[in-house]
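> One letter stands for each residue in the lines below.
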Amino acid sequence: MNTREKLSIVLLILGVILALLPLTGSRSLSVRPDRLLLEALDEKSWFTVDQVARFVATEDTSVQLIDLRPAEEFSRLNIPGSVNIPYDRFIDIAPGTILGGSNMKNILYSNGDIDANNAFVIARGLKIKNVYVMKGGLNEWFNTVMNSRFTGDRISARENALFENRRRAGNMFTEINSLPDSLKKKYFESKHLSAKKLDGGCE
Amino acid sequence: MDFIRKYKAILLIVIPVIILVIFRATGTDHFSTDAQKLAEPSFSRSNIIIPGKVSQLSGEKLIINLGKDVIKHNFEGATVKDISPDSILAKEYIGMIKKHEGPVFLYSSDNSISVRLWMLLSQMGIKNLYVVSENPDPESLKYEFRPDTTVRPES
Amino acid sequence: MGPIVTLAGLPEWVDLLFAFLIGIGFGFALEQAGFSSSRKLAGMFYGYDTTVIKVFFTAAIVALAGSQFLSYFGLLDLNLVFVNEFYVGAAIIGGVIMGLGFIMGGFCPGTGLSALSIGKIDAMVFAAGGLTGAFLFAETYPYVQNLANGNYKGPVRIDKALGMSPGLFILLLISAAAVMFWIAEIAEKKFARPDITETI
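Chains as they are written, first to last, in this note's numbering: chain X, 26 to 228; chain V, 49 to 203; chain U, 225 to 424.
I should point out that these hints are in silico values taken from the structure, not numbers from a laboratory. Positions of the beta carbon are idealized from the N, C-alpha and C atoms, including for glycine. Warning: the hint list may mix true and false statements.
With a cut-off of at most 20 Å between alpha-carbon atoms, the simulated PhoX-like pairs for lysine-lysine come out as follows [what the hints assert, rightly or not]:
1. Lys152(X) with Lys85(V)
2. Lys56(V) with Lys160(X)
3. Lys31(X) with Lys120(V)
4. Lys109(V) with Lys147(V)
5. Lys377(U) with Lys278(U)
6. Lys414(U) with Lys31(X)
Stretches of chain X that chain U covers, calculated by requiring three or more beta carbons in the stretch to come under 8 Å of a beta carbon on chain U [what the hints assert, rightly or not]:
7. 78-91
8. 168-182
Sample of chain X residues facing chain U (criterion: CB under 8 Å; computed from the structure) [claimed, not checked]:
9. Leu46
10. Ala186
11. Gly195
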């Protein structure tokens with residue numbers, strides 16, 4: 026049996042094995058489950074709304090906020106600086122889109138805690154390391170940042186800093202989301218995360 | 049022996065591949081294929097269930113209490129098991145969950161933990177798994193935003 | 225190297241270094257297979273030498289099967305691998321031009337570069353022609369862009385278009401390749417040109 030015949034037999038056998046395997050062409054999580062469990066339970070994977078408010082108020086460029094809600098909800102209102110990756114398309118879009126080096130923080134949020142935490146596990150499972158979750162979502166943002174009120178006669182320095190931070194972030198939120206639709210659209214487009222364009226070669 | 053000598057080259061390639069495929073297919077240290085399909089219940093949030101609806105599902109119910117808090121609700125007819133989140137993948141617990149024939153409910157006072165564990169376990173191929181949530185609609189926005197009509201963009 | 229899961233996250237210069245090393249390997253393989261000879265390449269179309277189809281098809285099948293196995297073992301994210309964008313009109317016209325050029329010139333772009341690197345004059349002229357053609361395309365783009373961009377189908381995968389599993393498609397392709405190689409062997413005997421093949 027010559028080399029060509031042996032190679033043909035090897036390839037045919039491998040082809041039969043592949044035909045029997047449950048291949049779907051879709052993505053699957055590639056980290057080990059025990060490793061992913063540790064990351065899922067890591068306290069450092071959550072940011073509070075106050076921490077996110079500070080990033081927004083200081084326009085921290087090492088932070089990218091990712092809004093997981095449907096596009097219509099995102100265009101109605103969102104936290105300034107956010108980009109939109111709807112949750113049901115997260116698995117398709119995120120790996121080719123979420124950029125940034127190890128110093129970049131991608132903070133996921135939705136209205137509550139459900140979608141953001143689901144997306145977090147998917148992202149970490151797909152080895153996208155620098156993703157985090159804003160605890161409580163937009164509901165907590167409204168509750169703590171937008172509806173922040175100081176009551177009482179005296180305010181400590183710490184409370185003052187917190188209140189000031191919330192006020193600045195809240196004002197930015199109101200300003201951006203109060204813009205007319207045409208100007209909002211321009212602002213979003215400038216923030217748009219474009220997918221890393223794959224370039225093919227030619228022979 | 050003659051057969052092995054004659055087809056040595058073919059066997060040297062094919063047998064290791066078959067062994068690796070068998071290890072992969074029977075191993076438990078990796079997730080199932082097709083993450084999108086396994087995550088589907090979470091897109092429609094059909095995996096989220098309020099305590100009152102737990103008893104309406106058919107089958108033998110297993111409630112996994114992930115926190116240190118005592119469960120406030122009375123889940124009649126259900127088996128309750130206290131499992132700390134960081135040991136959910138221990139052989140005895142994961143085996144119990146996989147072998148259980150009825151619905152399995154993850155209960156935690158902090159939804160974030162039970163949701164994350166739901167996704168992790170679902171991606172391992174575990175079906176009929178739910179997250180118990182006090183809030184029937186946890187992803188609806190509870191606040192109304194009032195735009196400031198006096199805002200003018202900077203020129 | 226993003227699709228290769230274990231290597232994702234390396235700096236860009238490492239990616240480029242890998243590309244350079246793979247390029248060296250590709251050029252080396254082409255040259256040692258004799259693809260710097262235009263007579264060997266043109267033999268594919270006259271039937272006296274079918275090495276081209278055997279080599280390229282074997283490479284395609286090995287890459288196809290290998291990438292599916294790597295994906296199954298969680299080492300390769302196939303969704304990050306580039307899939308060519310399919311423009312129907314452009315593919316047909318470009319294919320005809322490429323086929324004509326291949327037979328007449330005796331080179332395709334990759335093998336042309338391989339022959340150029342060993343100083344073949346016909347390869348130099350071929351490369352100059354190719355660059356001229358590319359330049360002319362760019363200069364006349366406003367007139368041809370409708371044709372070039374028309375009938376866009378997106379990045380189409382055959383197995384998805386046919387609605388079959390990737391594994392089954394690979395098995396069918398391997399089987400088709402085996403039949404094709406057998407036909408190629410028959411053709412080599414029927415259209416033999418020892419006066420050319422002995423001097424390649």
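> Each of the hints needs a verdict: does it hold here or not?
Verification of the hints:
1. The suggested pairing of Lys152(X) with Lys85(V) holds, with an alpha-carbon distance near 19 Å, which does not exceed 20 Å.
2. For the suggested pair Lys56(V) and Lys160(X), the alpha carbons sit about 59 Å apart, so the restraint of at most 20 Å is broken.
3. Under the criterion of a C-alpha separation no larger than 20 Å, the hint pairing Lys31(X) with Lys120(V) is inconsistent with the structure, at around 67 Å.
4. The hinted pair formed by Lys109(V) and Lys147(V) meets the criterion: a straight-line CA distance of about 12 Å does not exceed 20 Å.
5. Proposed proximity of Lys377(U) and Lys278(U) is contradicted: the alpha carbons are some 29 Å apart, above 20 Å.
6. Proposed proximity of Lys414(U) and Lys31(X) is contradicted: the alpha carbons are some 24 Å apart, above 20 Å.
7. Against chain U, the region 78-91 of chain X contributes 0 residues with a C-beta closer than 8 Å to a partner C-beta. That does not satisfy the three-residue criterion, and the hint is violated.
8. Using a Cβ-Cβ cut-off of 8 Å, 0 residues of the region 168-182 of chain X lie near chain U, which falls short of the minimum of three, so the contact claim is violated.
9. At about 5 Å, the closest approach between the beta carbon of Leu46(X) and any beta carbon in chain U falls short of 8 Å, and the interface hint on this residue holds.
10. At its closest, the beta carbon of Ala186(X) sits 36 Å from a beta carbon of chain U; the interface hint therefore is violated under the 8 Å criterion.
11. Given hint, Gly195(X) at the interface with chain U, is violated; its Cβ is 36 Å from that chain's nearest Cβ, farther than 8 Å.
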